[in-house]
Each structure stands twice: as C-alpha cells, then as structure tokens.
Amino acid sequence: MSDAKNEWPLWEVFVRTKAGLDHKHCGSLHAADPKMAVQMARDVYTRRQEGSSVWVVRSDQIVASDPGDKDMFFDPAEDKVYRHPTFYKLPDAVDHM
Amino acid sequence: MQTSVQLPTDPALQYLLRIGDTCLILGQRLGEWCGHAPILEEDIALTNMALDLIGQARGVLTLAGQRCAPVLDEDQLAFLRDERDYRNPTLAELPRSDFAFTVLRNAMLSTWLKLLWERLRDSRDAELAGIAGKALKEARYHQQHAADWVVRLGDGTEESRRRSEAALAMLWPYAAELFDDDAVDAAAEAGGMGPARSSLREPWLAEMAEILGEVHLPMPKESGFRSTGSRGVHSEHMGYILAEMQYLQRAYPGGAW
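Chains as they are written, first to last, in the numbering used here: chain A, 3 to 99; chain B, 7 to 263.
Don't read these hints as lab results, they were simulated from the structure. Among the hints, erroneous ones may be present.
If you want the ones that stay clear, here's a sample from chain B, every Cβ over 10 Å from chain A, calculated [as the list claims (entries may be wrong)]: (1) N54; (2) F105; (3) M199; (4) G219; (5) Y246.
Computed far set for chain A versus chain B, every beta-carbon distance over 12 Å [what the hints assert, rightly or not]: (6) G22; (7) L31; (8) A43; (9) W57; (10) F75; (11) D77; (12) Y84; (13) H86; (14) P87; (15) T88; (16) K91; (17) P93.
Across the chosen pairs, the derived CB separations fall in these ranges [claimed, not checked]: (18) B:L254 x A:S61: 40 to 50 Å; (19) B:Q8 x A:D62: 49 to 59 Å; (20) B:K143 x A:G22: 19 to 29 Å; (21) A:N8 x B:G260: 41 to 51 Å; (22) B:T163 x A:H25: 32 to 42 Å; (23) B:W263 x A:D68: 49 to 59 Å; (24) A:V40 x B:D79: 36 to 46 Å; (25) B:M251 x A:D71: 57 to 67 Å; (26) B:G260 x A:D62: 47 to 57 Å; (27) A:V40 x B:T234: 34 to 44 Å; (28) A:A95 x B:G61: 34 to 44 Å; (29) B:G61 x A:E9: 28 to 38 Å; (30) A:D68 x B:L254: 48 to 58 Å.
These numbers were taken from a predicted model, which means no experiment stands behind them. All C-beta atoms, glycine included, are put in the ideal place defined by N, C-alpha and C.
Turn these sequences into a full structure, and let the hints guide you.
In structure tokens:
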C-alpha cells in the first residue's frame, strides 16, 4: 500500500440512470480534483450505459451515523407499525394509487 | 500463414484509410496502457478511449473495404495489410513512452480528429457522415480528458513539467504531417467527401495554443522535418506494432472469439 498522505482524495459516486429517477450511490474512486472526479466517475461507472448524470462528493464530507449508535438510532422504530400509512381505508376511486 | 491483401490505388480509399488507420493505431497504442496506467481510474479511462477509437476504425475500415474489389472486411483491412498499405500519420504509431507523452499525443490527435469529424458530418458520403456524427461525441471527450492532463502535468511538479516539455519537443515535429496536403486531399475536397487536411491547420493550432497556453508551454517552432506515415512510409516502430496486431490473424486465419 502506498503512503496515505500521497493518495488522491476519495470521492463517492452517485449515478442517475434515467431522467426523473434519483441519483443512486454506486461506489467510490480516487481523483485529484472535482473535474477529474466527474470524468473518472463517467469512465469507471457509466461504461455500460448506466447513467445520464453523475454526482461526486468528497468522501470526507459525508457525515455518517455511528455504527455504535445503531441500537439507539434505529431499533426504537421497530414496534411503531402505526407510522406506516396502512391503517387508512382508501376510497375506491384511488384504490390503485 | 495468411497472405496480405492487395489494395487498389483509389484516392477515396486512401482518404478513408488515413482516418481509419489513425484511429486503429492510436487505439492499439492506448490499449497498451491496460494494466500500466498510473492509477486504476485512468487505466479504465485510457482503455475506454482505446475502445472508442477501435470502434471508429471499424466503421471507417468497413466503408473503405467496400471500395476494394473484391470487397474486404474490417478485419482483413486491420490485420492483413503490409506495412506500406497503412496510412496513419507517423504521430499515431510512435511508442507510448511515458504518461506525459501519451496525454500530449492524445491531446494533439484527438483535437485533430475532433476537427476532422466536425467537417466530415457534411460529407457527401452519407455513411461517413453518420460515422462522424457518432465519433465526434467521443472525440470531444477524448480531447477534454487529454487536455486536462496536459494542463495538470504542465502545471504540476518539477518532474511532470520536465516530462511535459520533453514530450512536446519530441511530438511537435510530427504534427506538420497532419496538415500536409497531396492528391488524396485534393480529390476528397473536390468530390465533397471531406476536407483537405491543410484546412484543419489553423483551427488546430488555435485549440492547441489554448491548451498549451494555459500552462505556458511555448509552442515549438515549425521545423523542416516531415514524417510520411500517411503516405505509407512509416517509422521503424510500425513493423513491431503490426507484428503484435497481426500475429493471430496471420497464424490462425479467420480466427474469431
């Protein structure tokens, strides 16, 4: 492995497959600057017609939840089924909404 | 051992071969970077561009083969010609050297191809115009990618600057050939097939000046040297690259995946 200090920064890549859909995270890459990151994203992640738009963001700019907080953060939602909108009776007219 | 194909001396055929062979040979040179580029991402980028170029070569060589009697297919033209029948400018066949050399050559040739494809969209040959429309999009990206690298390396470290200057000194004399008209150009222009190469010179110089000017790399003075690959007289490097390209088709005629 090369010295981390000499590595180009890491970028997360988001690709939108079609207009109207959302950008989905698809991986990461190393690049020296934003312009290079966009070009590299195009070359690495859209070679097989996967994309119509790409976003890149510096990985160190992403603020993530702490895996250690997983229980506290996410488990309390487990027994709150009433938060799903499944208890409404839909009128026939909007049944296939 | 598969013997070589023979070609007629039709100027329109020569014109097409000059374009198709430039793409073919440059594509082969870029393919040599597969597994050797400085970083994984650039490795993929260079081979993507190599494949774009091979795709362009396929289209143009298929068209060229229809001008031969009997008709030759793209593979026969790509792999079964003698060295003298390849018409790429010498610039395309020079060994890949270091990364600064590769990106500068890419900038020079993709700029040239981009300008050529732009003009060929109006070709009287509808098939050639169709190929040009598709290839132009690819060439625009190739140019941008290469030009960005020329700027990064020209404006990078002391070593990258030194290598950029060395690459420029080495490559620049081969540019003159790209604009050196002869009877093939005159016939293509008169017949509405495509532009004479000399007409690409001014726009090419302007675009190269913009790229090099951004990092204050002075454009070398024009010299009397003229390379002659597009007339079939190649450098000593051509035989080696053809040997590598042709080995399979020569040893196993008609071999396919």
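Pairwise beta carbon distance, L254 (chain B) to S61 (chain A), judged against the given window 40 to 50 Å: For L254 (chain B) and S61 (chain A) the Cβ distance comes to about 43 Å; the hint holds.
Honestly, do T163 (chain B) and H25 (chain A) meet the 32 to 42 Å range at C-beta? holds (35 Å)
Check the following: the C-beta atoms of G260 (chain B) and D62 (chain A) are separated by a distance inside 47 to 57 Å. Holds, at about 54 Å.
Taking the closest pair, is the beta carbon of G219 (chain B) still more than 10 Å from chain A? holds (18 Å)
Is the nearest Cβ of chain B still more than 12 Å from the Cβ of F75 (chain A)? The claim stands: F75 (chain A) keeps its Cβ more than 12 Å from every Cβ of chain B (closest is about 34 Å).
Distance rule for P93 (chain A), whose beta carbon must clear each one in chain B by more than 12 Å: holds (50 Å)
Range hint 34 to 44 Å: satisfied by the CB atoms of V40 (chain A) and T234 (chain B)? holds (40 Å)
Beyond 12 Å from chain B, beta-carbon-wise, is Y84 (chain A)? holds (48 Å)
CB-CB spacing for G260 (chain B) and N8 (chain A) relative to the 41 to 51 Å hint: Once the Cβ atoms are compared, 49 Å apart, the range 41 to 51 Å for G260 (chain B) and N8 (chain A) holds.
Could you check the hint for me, namely that Q8 (chain B) and D62 (chain A) are 49 to 59 Å apart, CB to CB? holds (56 Å)
Consistency of the no-contact label for G22 (chain A), given chain B and a CB cut of 12 Å: Given a closest Cβ separation of 23 Å, the condition holds.
For F105 (chain B), is the shortest beta carbon distance to chain A beyond 10 Å? F105 (chain B) is indeed farther than 10 Å from all Cβ atoms of chain A, at 14 Å.
Violated hints, in rising order: 1, 7, 8 and 28; the structure is consistent with all others.
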